[in-house]
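J.: In the order they appear, the protein sequences are chains A, B, C, D, E and F. Each residue of the first sequence is one higher than the one before, starting from 62 at the first, in our numbering. Each residue of the second sequence is one higher than the one before, starting from 62 at the first, in our numbering. Each residue of the third sequence is one higher than the one before, starting from 62 at the first, in our numbering. Each residue of the fourth sequence is one higher than the one before, starting from 62 at the first, in our numbering. Each residue of the fifth sequence is one higher than the one before, starting from 62 at the first, in our numbering. Each residue of the sixth sequence is one higher than the one before, starting from 62 at the first, in our numbering.
Take these hints with a grain of salt, some might be off.
It does not matter which identical chain is meant; a pair holds if it fits inside one copy or across any two.
Calculated cross-link-like contacts (lysine-lysine; reagent style DSS-like; alpha-carbon spacing at most 30 Å) [stated by the list, open to error]:
no.: 1; residue 1: LYS188; residue 2: LYS95
no.: 2; residue 1: LYS139; residue 2: LYS95
no.: 3; residue 1: LYS125; residue 2: LYS352
no.: 4; residue 1: LYS64; residue 2: LYS139
no.: 5; residue 1: LYS139; residue 2: LYS293
no.: 6; residue 1: LYS352; residue 2: LYS280
no.: 7; residue 1: LYS194; residue 2: LYS78
no.: 8; residue 1: LYS95; residue 2: LYS305
no.: 9; residue 1: LYS64; residue 2: LYS352
no.: 10; residue 1: LYS305; residue 2: LYS78
no.: 11; residue 1: LYS95; residue 2: LYS64
no.: 12; residue 1: LYS64; residue 2: LYS125
no.: 13; residue 1: LYS125; residue 2: LYS194
no.: 14; residue 1: LYS194; residue 2: LYS280
no.: 15; residue 1: LYS64; residue 2: LYS293
no.: 16; residue 1: LYS125; residue 2: LYS139
no.: 17; residue 1: LYS139; residue 2: LYS352
no.: 18; residue 1: LYS78; residue 2: LYS125
no.: 19; residue 1: LYS64; residue 2: LYS305
no.: 20; residue 1: LYS64; residue 2: LYS280
no.: 21; residue 1: LYS230; residue 2: LYS64
no.: 22; residue 1: LYS305; residue 2: LYS280
no.: 23; residue 1: LYS95; residue 2: LYS280
no.: 24; residue 1: LYS280; residue 2: LYS293
no.: 25; residue 1: LYS125; residue 2: LYS293
These aren't lab readings, by the way, just hints derived from the structure by calculation.
6 protein chains.
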Amino acid sequence: MNKNLIISEILENSISKLSESDSCQTAYLPSHGKPMPSSDSLREIVNLLREILFPGYFGTSNLKPENVRYYLGVNVDKVFQLLSTQIRRGICFACREEKNTNCKHCEDNAPELAAEFISRLPQIRQKLSTDVKAIFDGDPAVRSYGEVIYCYPTIRVMTNHRIAHELLKLEIPLIPRIISEMAHSETGIDIHPGAEIGEYFAIDHGTGVVIGETCVIGKNVKLYQGVTLGAKSFPLDENGNPIKGIPRHPIVRDNVVIYAQATVLGRITIGENSTIGGNVWVTQDVSPNSKIVQQKSTSGAGI
Amino acid sequence: MNKNLIISEILENSISKLSESDSCQTAYLPSHGKPMPSSDSLREIVNLLREILFPGYFGTSNLKPENVRYYLGVNVDKVFQLLSTQIRRGICFACREEKNTNCKHCEDNAPELAAEFISRLPQIRQKLSTDVKAIFDGDPAVRSYGEVIYCYPTIRVMTNHRIAHELLKLEIPLIPRIISEMAHSETGIDIHPGAEIGEYFAIDHGTGVVIGETCVIGKNVKLYQGVTLGAKSFPLDENGNPIKGIPRHPIVRDNVVIYAQATVLGRITIGENSTIGGNVWVTQDVSPNSKIVQQKSTSGAGI
Amino acid sequence: MNKNLIISEILENSISKLSESDSCQTAYLPSHGKPMPSSDSLREIVNLLREILFPGYFGTSNLKPENVRYYLGVNVDKVFQLLSTQIRRGICFACREEKNTNCKHCEDNAPELAAEFISRLPQIRQKLSTDVKAIFDGDPAVRSYGEVIYCYPTIRVMTNHRIAHELLKLEIPLIPRIISEMAHSETGIDIHPGAEIGEYFAIDHGTGVVIGETCVIGKNVKLYQGVTLGAKSFPLDENGNPIKGIPRHPIVRDNVVIYAQATVLGRITIGENSTIGGNVWVTQDVSPNSKIVQQKSTSGAGI
Amino acid sequence: MNKNLIISEILENSISKLSESDSCQTAYLPSHGKPMPSSDSLREIVNLLREILFPGYFGTSNLKPENVRYYLGVNVDKVFQLLSTQIRRGICFACREEKNTNCKHCEDNAPELAAEFISRLPQIRQKLSTDVKAIFDGDPAVRSYGEVIYCYPTIRVMTNHRIAHELLKLEIPLIPRIISEMAHSETGIDIHPGAEIGEYFAIDHGTGVVIGETCVIGKNVKLYQGVTLGAKSFPLDENGNPIKGIPRHPIVRDNVVIYAQATVLGRITIGENSTIGGNVWVTQDVSPNSKIVQQKSTSGAGI
Amino acid sequence: MNKNLIISEILENSISKLSESDSCQTAYLPSHGKPMPSSDSLREIVNLLREILFPGYFGTSNLKPENVRYYLGVNVDKVFQLLSTQIRRGICFACREEKNTNCKHCEDNAPELAAEFISRLPQIRQKLSTDVKAIFDGDPAVRSYGEVIYCYPTIRVMTNHRIAHELLKLEIPLIPRIISEMAHSETGIDIHPGAEIGEYFAIDHGTGVVIGETCVIGKNVKLYQGVTLGAKSFPLDENGNPIKGIPRHPIVRDNVVIYAQATVLGRITIGENSTIGGNVWVTQDVSPNSKIVQQKSTSGAGI
Amino acid sequence: MNKNLIISEILENSISKLSESDSCQTAYLPSHGKPMPSSDSLREIVNLLREILFPGYFGTSNLKPENVRYYLGVNVDKVFQLLSTQIRRGICFACREEKNTNCKHCEDNAPELAAEFISRLPQIRQKLSTDVKAIFDGDPAVRSYGEVIYCYPTIRVMTNHRIAHELLKLEIPLIPRIISEMAHSETGIDIHPGAEIGEYFAIDHGTGVVIGETCVIGKNVKLYQGVTLGAKSFPLDENGNPIKGIPRHPIVRDNVVIYAQATVLGRITIGENSTIGGNVWVTQDVSPNSKIVQQKSTSGAGI
């Protein structure tokens with residue numbers, strides 16, 4: 062048997078195995094044949110929302126007060142169309158995973174949910190505006206508001222977060238998580254869409270920051286790179302599976318600063334006006350106005 | 062001389078310098094004129110493999126048991142074509158770097174190597190399926206298997222890793238490293254394709270994780286963000302260059318959990334069922350069933 | 062009123078609010094209607110520069126000494142065109158933010174600045190060549206120079222940095238920061254374009270590394286993932302705003318190695334030939350030839 | 062008032078006029094807001110059908126008997142999805158134009174119609190195969206069947222025609238006409254989808270050929286460039302509008318050849334085995350086995 | 062000398078010859094280095110204008126009265142930007158060809174000219190609306206106005222013509238001709254932008270129609286495929302070159318029908334309500350209410 | 062059985078039939094699995110050649126004498142790569158059609174053939190330059206050489222023809238015909254690559270022109286739209302198939318003008334300095350300096 066025939070047979074064989082029902086179930090292929098949420102479409106939605114929230118900085122670049130409403134009108138209309146479809150798919154996806162056979166009713170709701178979300182865009186823009194100001198006021202290296210909007214990963218991640226958080230509040234499944242993961246991939250900052258974050262919030266540099274699902278963060282909080290606001294442990298149910306939805310991440314009050322690489326774990330409270338130093342490990346409440354630092358390093362050999 | 066002429070001269074001058082043989086050698090331009098591996102093509106290959114391994118979640122979205130085999134067939138055929146070319150280029154690239162002048166023979170092997178790799182895809186899918194399950198079972202924030210596949214960077218990085226690891230075992234040069242770096246860029250998780258990783262592996266959040274070339278990781282291991290499994294030091298040869306290929310990264314046994322920002326260095330063994338706390342620095346063996354934590358932080362001034 | 066009409070009204074309402082003058086000011090929409098810098102164009106410029114600096118590795122893949130000058134010529138010409146436009150927009154953007162009403166004069170300078178930048182490309186290539194060598198010499202896992210160029214995030218980030226640093230020295234506003242953020246997003250390594258970095262510089266793995274605006278780094282320095290070279294604090298002016306441009310980040314002398322997750326803060330000096338261990342927190346000068354390590358971890362319960 | 066303001070006002074003014082309800086009605090803008098058929102999607106459908114009908118010649122180029130069924134399967138599935146949508150839109154479009162307010166029922170039929178069309182593809186391929194043979198047998202300039210498929214506009218136009226004709230027989234509105242116009246634009250050959258055309262049909266060169274809606278053409282007919290098979294006149298109804306659907310174009314029997322630029326008009330019959338010479342004008346029946354030619358030209362002055 | 066070297070030398074040699082100043086002049090390469098008009102940009106402009114003139118039929122497909130103004134606003138703004146640039150380039154191009162060295166002044170006019178053109182769009186739409194009606198009223202094969210807009214090449218060519226004719230009246234060089242040639246390529250109908258064409262104009266099928274620069278066509282005129290309205294001859298100047306701009310094409314009065322392949326040449330007048338039969342050659346005035354037909358064909362041998 | 066299942070079955074059934082060996086043979090699917098020539102790649106090649114032959118008019122638009130050679134160098138190199146591949150595929154395609162089983166040898170020739178073709182580009186440019194001049198000198202409507210290059214279909218079709226004719230002379234199969242058909246589709250002018258056409262050749266308007274394989278056309282010839290230079294009949298071999306390659310199309314001597322819609326058939330000679338009027342049918346030799354016109358039309362009823 063010649064070489065080309067052998068190769069054809071290997072490929073054929075592999076295709077057969079990969080198409081087998083068992084292997085497809087291993088890959089969690091649904092059997093319903095309904096279209097699933099599309100990452101590409103969600104990426105387009107987020108880009109359009111970015112153009113809506115900060116017109117001129119993203120997308121068409123020479124907007125001015127006279128023509129901005131046309132561009133906003135078109136972009137809002139496009140977001141409405143695309144988001145309605147993705148919301149419908151997200152709802153359908155969740156229903157099927159939960160073995161509902163009749164999710165027709167809830168899907169019909171998708172356009173209203175998309176419109177409701179769009180009605181909240183002015184407030185989202187307002188909140189993001191305070192985040193821009195927080196960065197500008199706190200970083201001696203920045204020269205202008207525009208530089209913050211263009212260059213700071215915190216604005217990128219907070220745009221996605223404030224979008225995803227509103228979608229989550231509308232009880233839309235899956236879609237918010239995909240949107241927050243996009244920002245995680247682009248910035249290295251991982252904020253669960255469930256986290257509640259107040260105004261005037263800033264993350265500097267940001268790579269490695271983790272903010273868990275049940276975090277509650279006040280106003281005027283600043284984090285540095287590598288900070289974790291995570292869970293310490295979580296209760297299991299009688300089957301040994303983690304119980305979903307229990308508050309298990311920190312509460313951070315107003316005016317707190319947390320320095321690089323600090324790890325704050327569990328449903329503890331960092332009191333207002335406190336400062337947490339870099340590279341520390343915090344698992345208990347911190348009272349207001351505290352300062353926490355790592356023990357001194359020592360010089361030594363052995364590296 | 063007018064302004065435009067001066068600019069033309071500056072550009073011309075710079076082009077000349079950049080084209081000089083010496084400067085080109087500085088840029089490591091090969092002299093053979095053979096096509097080099099293409100990152101764009103490798104990106105397309107990885108995307109096709111992702112569609113093959115998790116059909117429906119990536120690429121065409123409304124697959125169902127009736128039509129999935131056509132899509133798998135086309136995607137496998139495309140991967141075979143593209144990968145054969147890239148393997149050939151990778152082999153040629155390595156030969157030239159090693160000053161072989163006759164690499165014709167080894168190049169001819171490329172289609173067989175691509176077919177052999179494709180024959181391993183069913184097992185790769187099987188292993189990734191356990192990774193999905195590991196995440197689902199361990200994270201109270203997750204709602205469905207689909208959410209894990211769509212949103213968790215650990216699935217993205219492990220898809221690339223399990224692909225790259227098989228290609229490395231087939232002794233294909235360069236290509237595996239490019240594939241693992243793609244995932245590093247997207248997820249902030251840096252796994253060398255040489256690392257051996259068992260089933261049911263999970264990384265939570267993940268940004269900043271580093272897993273070195275000679276690591277050996279058992280089953281049911283979980284890492285958090287910022288964990289390093291690295292080398293402490295490495296022996297040099299008589300010319301002062303590092304000796305390649307010596308085991309120098311940790312062995313992590315089954316059922317180990319390592320928390321955020323921990324740094325584990327050197328050819329040490331973390332015994333089974335152990336837990337390593339966050340932000341610690343470990344350079345010696347840890348016996349089975351241990352728990353290692355950082356010393357207490359203290360409150361203090363001086364930030 | 063029917064469902065479609067209600068939705069139309071909600072969308073219309075949201076578009077109106079988003080178009081209002083007040084809301085647009087919140088979004089920092091400039092009123093001048095001039096085109097702003099374009100991230101897409103800057104991304105294309107950086108890709109072209111990468112093709113110029115390492116011909117054959119990026120872009121067209123089968124270059125050889127005979128035809129390389131044509132490709133260099135075209136790419137240099139394209140960079141000149143695109144960069145002139147972006148420099149002009151960057152200057153204009155900065156002028157407007159500073160309320161200058163006449164920036165016509167400075168804009169006219171853009172082609173000269175672009176040409177001046179291009180004249181420095183041969184030196185940039187030369188410096189990057191030493192960075193490639195530094196990685197190759199220091200990592201036992203690497204097999205060839207080509208692997209370094211293709212796969213190491215440090216080369217990607219240093220390409221952007223050495224470009225952005227030259228643009229900053231030409232006093233071009235905003236553009237350098239956008240370029241450095243691109244690399245930050247791709248690699249998780251955040252280097253401010255103001256930082257001065259010597260030859261033969263290497264970052265291994267790199268995710269989470271931060272190098273601040275006023276850092277000065279000598280020759281043959283190596284950093285590992287998660288290292289911060291940051292500011293400890295910064296003086297405020299009479300209005301409580303940070304004073305811009307004051308040196309506030311570390312000076313790192315020649316031949317220093319800093320291990321994973323170390324945090325070095327403030328205008329301190331790390332003396333030559335020193336080694337800083339992983340996960341430490343350094344806020345004071347380190348004398349030459351020192352070794353600094355974290356205190357020992359202890360075994361314990363309570364995770 | 063300055064120049065920019067005047068321009069802004071002119072643009073604003075023009076947008077207002079173009080948006081006015083009256084002007085939009087002039088442009089036949091429907092008021093229902095339903096998506097209309099998409100030329101881009103229909104172009105994609107035709108390209109996919111061309112790949113299905115002549116695999117290997119269009120689209121993926123290295124098909125072979127072993128893998129052709131995967132590519133056919135994917136392409137058929139894609140055509141089914143896309144065509145179902147376009148059929149639905151075409152039906153809806155026609156309903157609205159006819160002021161039906163309830164076209165929900167007929168739209169639901171779209172997937173069945175698409176499937177029924179797909180079931181006829183094997184016969185369409187069979188007929189096109191005879192058209193390829195007709196060209197090959199009749200043109201001394203052609204070297205291979207492949208050359209006919211790649212290069213002859215008659216194959217391109219007959220592919221579209223045989224597709225459009227089947228869609229028309231399924232009573233799908235609008236879509237068939239758009240498909241036949243695509244071929245008209247590409248080839249200069251205008252065949253109404255209503256025309257019935259037998260096997261083994263050939264058009265040589267073809268530019269300017271017109272074949273009207275109610276033509277009936279037998280087997281083994283050959284036309285040259287510029288031939289018109291048109292209507293001479295058509296009866297009007299009581300309102301002076303043309304009555305639709307009345308047979309008004311020629312019947313051309315088997316084995317007829319019609320040379321360049323001949324114009325054949327009205328519901329006449331060209332008898333079998335006849336030859337019509339170039340540049341003639343025929344408005345009456347031609348009996349079988351006839352030869353019709355133009356009167357002799359004369360030499361003369363006056364140009 | 063080996064084969065690869067010989068090939069390299071041939072290529073090098075050819076590049077040198079093609080780059081020589083003499084050969085470049087043969088190719089009419091201008092020496093000024095100014096950007097020339099761009100066919101791609103003009104194609105985009107025409108597509109945007111088509112979306113503006115017939116909203117919903119081209120481009121975004123689900124417009125409705127509520128959102129149409131946003132889409133019109135964005136498209137008008139984009140046309141203004143793109144067209145200003147192309148007008149500037151067209152003026153500059155013409156200046157340089159005429160060896161003007163200072164065309165700065167006329168270029169500055171480009172935005173006003175673009176705005177003036179845009180102010181005429183409502184009238185252009187109005188006229189095209191009558192062309193749609195003319196086709197609908199005259200063709201028994203058509204089912205709806207929408208079918209006319211989607212499928213009839215006459216609408217495509219008249220859209221381009223009515224645009225190009227207005228641009229020509231604004232004395233913009235070159236651009237109108239490029240726009241009319243686009244339609245020629247798509248439809249096989251060649252209308253010079255100088256031709257004046259009244260309302261309610263229809264061309265059926267259309268391939269091969271030619272309408273010359275100085276034609277004047279009344280209202281309610283209908284042409285069939287292959288009709289030429291051309292020049293018979295033209296006077297030469299003392300150097301033997303044709304004198305530009307002299308009326309030399311036919312005047313066609315209201316309510317004339319000209320059948321397929323008729324050739325009408327010279328500055329003659331076809332009187333109102335006349336009918337010209339197919340395949341005839343007319344070079345003298347035709348009085349009103351006439352009918353002109355070709356002499357009878359005869360049966361004969363000799364083909 | 063439900064509706065979706067029935068549809069699935071219909072699709073499955075159709076895919077099976079289309080994949081059957083018999084049906085695939087009907088579609089002329091080759092069995093060798095070698096890649097076939099690619100229309101997309103040939104289109105790219107022609108576009109690159111157009112940029113090479115008329116730099117500045119197509120592709121990059123702001124070329125000048127200083128930088129034109131870089132663009133030419135890159136474009137020539139790209140054409141060489143792409144054309145070598147397509148020539149190889151064309152040769153292979155022809156071999157297989159002729160049932161050669163060993164075409165390895167001739168394929169190896171492809172790069173030399175591509176290089177040889179490239180060496181002829183300077184002469185092709187030179188000839189096209191005379192075609193531009195012919196149009197400019199003969200059309201009172203034209204304003205500049207640039208307008209001819211941008212707008213006249215004759216330049217587009219002659220560019221493709223002069224390219225295709227050289228490729229044909231190098232005995233490359235299939236590729237020349239695909240290239241000439243591209244121009245046919247774009248312009249409605251159908252010139253077989255075999256036709257020999259002298260310098261200073263012009264076609265005005267051009268739609269419907271046909272120039273056959275064995276035509277020989279002198280210098281300074283001008284054709285108008287709809288002219289056919291075709292074959293009258295052709296001898297058959299003993300099997301009733303047309304004999305290939307016999308001269309059967311007209312010879313047109315220097316300085317001939319042929320007006321619109323004239324049909325000239327057979328291996329006849331149109332003597333030099335002759336004029337052929339519009340709409341005539343010529344099948345016999347025309348002596349030099351002749352004028353041929355159609356008989357007078359008459360007025361009449363009956364349309």
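J.: Indicate which option fits the pair LYS95, LYS64 if close means a Cα-Cα distance not exceeding 30 Å: within, between, both or neither.
T.: The answer is between: 15 Å across copies meets 30 Å, while 41 Å in one copy does not.
J.: Reference check for the pair LYS64 and LYS305, CA-CA at most 30 Å: within, between, both, or neither?
T.: neither (54 Å within a copy, 35 Å between copies)
J.: When Cα atoms must be at most 30 Å apart, do LYS194 and LYS78 count as within-copy, between-copy, both, or neither?
T.: between (56 Å within a copy, 21 Å between copies)
J.: Give the relationship of LYS305 and LYS280 under a CA distance limit of 30 Å: within one copy only, between copies only, both, or neither.
T.: both (27 Å within a copy, 25 Å between copies)
J.: Check LYS125 against LYS194 for me: Cα-Cα at most 30 Å, and say if that holds within a copy, between copies, both or neither.
T.: within (22 Å within a copy, 39 Å between copies)
J.: Given identical chains, is LYS125 near LYS352, meaning Cα to Cα at most 30 Å, within a copy, between copies, both, or neither?
T.: neither (47 Å within a copy, 57 Å between copies)
J.: One pair to classify: LYS125 and LYS293, alpha carbons no more than 30 Å apart. Within, between, both, or neither?
T.: Neither: 50 Å inside a copy, 40 Å across copies.
J.: Is it within, between, both, or neither for LYS95 and LYS305, if the alpha carbons may be no more than 30 Å apart?
T.: Within. Shortest intra-copy distance 27 Å satisfies the 30 Å Cα cut-off; inter-copy 42 Å does not.
J.: At 30 Å max between alpha carbons, let me know whether LYS64 reaches LYS125 within a copy, between copies, both or neither.
T.: Answer is between: at 16 Å across copies they meet the 30 Å cutoff, but 65 Å inside does not.
J.: At most 30 Å between alpha carbons: which applies to LYS64 and LYS280, within, between, both or neither?
T.: neither (68 Å within a copy, 38 Å between copies)
J.: With 30 Å as the alpha-carbon cut-off, assign the pair LYS64 and LYS352 to within, between, both or neither.
T.: Neither, since 71 Å and 55 Å both go past 30 Å.
J.: State whether the alpha carbon distance between LYS125 and LYS139 is at most 30 Å within one copy, between copies, both, or neither.
T.: both (21 Å within a copy, 13 Å between copies)
Checked against the numbered hints above, the structure breaks hints 3, 5, 9, 10, 15, 17, 19, 20, 23 and 25 and satisfies the rest.
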